[in-house]
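Peer 1: What follows is each chain in one-letter form.
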Amino acid sequence: KAGVTQTPRYLIKTRGQQVTLSCSPISGHRSVSWYQQTPGQGLQFLFEYFSETQRNKGNFPGRFSGRQFSNSRSEMNVSTLELGDSALYLCASTRTGASYEQYFGPGTRLTVT
Amino acid sequence: TQLLEQSPQFLSIQEGENLTVYCNSSSVFSSLQWYRQEPGEGPVLLVTVVTGGEVKKLKRLTFQFGDARKDSSLHITAAQPGDTGLYLCAGYANAGGTSYGKLTFGQGTILTVHP
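Heads up: the sequence lines are chains A and B, in that order. The numbering used here applies: residue 21 is where the first sequence begins, and numbers increase by one. The numbering used here applies: residue 1333 is where the second sequence begins, and numbers increase by one.
Okay, chain B solo, but in the shape it has when bound (with noise of 0.2 Å):
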């Protein structure tokens, strides 16, 4: 069974501070998606990673990928309170039939970021 462990649980910050969000594993994921949930709605897709190491940016968003393809962050720089909700990352593994359309998510970090 493929777990991804989402940390921090909650992120409660200032407007323009800097924050990272982990989320690892001990499986290998072929692929990694980042989203981002409002309340009540379905979740958003940020960014995929798909090699290991590899680095994407979103405007004031970067993602990274690690090397082993087992673990990614995502940092946020200059934080506006219209980051404000929830970030789930999601691991997809590739493995078969067991894996057909399943996505194994983190737990999820719910980031506040007060003005």
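One chain only, chain A, in its complex shape (with noise of 0.2 Å):
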């Protein structure tokens, strides 16, 4: 099976600006989760989308958006850019079950200046 993708791998952007990710998760696995990572803050949970509907909400504002197509791909936006949302952006998609484990792609890193 192919991982889990996401484009583009690396983003300039201004202050003021929006952007927006996408994922592609493991075929057939319909729960995808978006996390934050920084020096200072580790891994910090964005939200997770599940057959199109969100489902669970981190501590972001509400610049941070999200959505999930049929097809079970995702795409985070984020508008108004700020220095502070420079980081590399995660995307997870989890096999559900006992175990719940997660399956990170490659990041997409972006740079906000």
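Just so you know, these hints were derived from the structure itself, not from any lab. Be aware that one or more of the hints could be misleading.
Computed, partial: chain A to chain B, Cβ under 8 Å [stated by the list, open to error]:
#1 65
#2 72
#3 122
Ideal placement from N, C-alpha and C gives every residue a C-beta, glycine not left out.
With the hints as a guide, bring both chains together as one complex.
Peer 2: Shown next, in the form of structure tokens:
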């Protein structure tokens, strides 16, 4: 099976702009989670989508949003970018069950200048 | 709010030495995963432990889940330079709505193994 794919791998944006990141989960996985990783805060949970519905959301401002399509692919959007949004954004595809294993994509490195 | 305290934060050792990384919480987790991450890449799943007291081995790596499912450890025997990387523990709480899709991560251990 192909792994989780994320596009683009790298992005450079200016403060005030908006950005859209894309994630394709492992085939058959219907749950997609997004995380932000920074050196200071580590991995922080953004939100989770299952069958096109957001089921859970972390403590991030409303500028961070997402959606999921019928084929389970997901996008996240960050509007009005701030310097502090510079981070590695990771998407994870979940195999549900007792072990609840998450498989991560390579991430999108976002730099806001 | 669930927290996972991971220690040590940094570990620098010589090839051939043994090491242990700890992951502790006051909360119970229904499962706990260990990941390894290379710079600029996503975390790669090493193992998942589910049952209290469970021990899993992956070549020179031994993972243990505490009896109360609140803590875990990763032990590496005879470390090699190829083991260098960031090691992360992550727990899943299975507590209904607020836990859907959410792993709680430790801060990570940066391991450097010198030849």
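Peer 1: Failing hints, ascending?
Peer 2: 2
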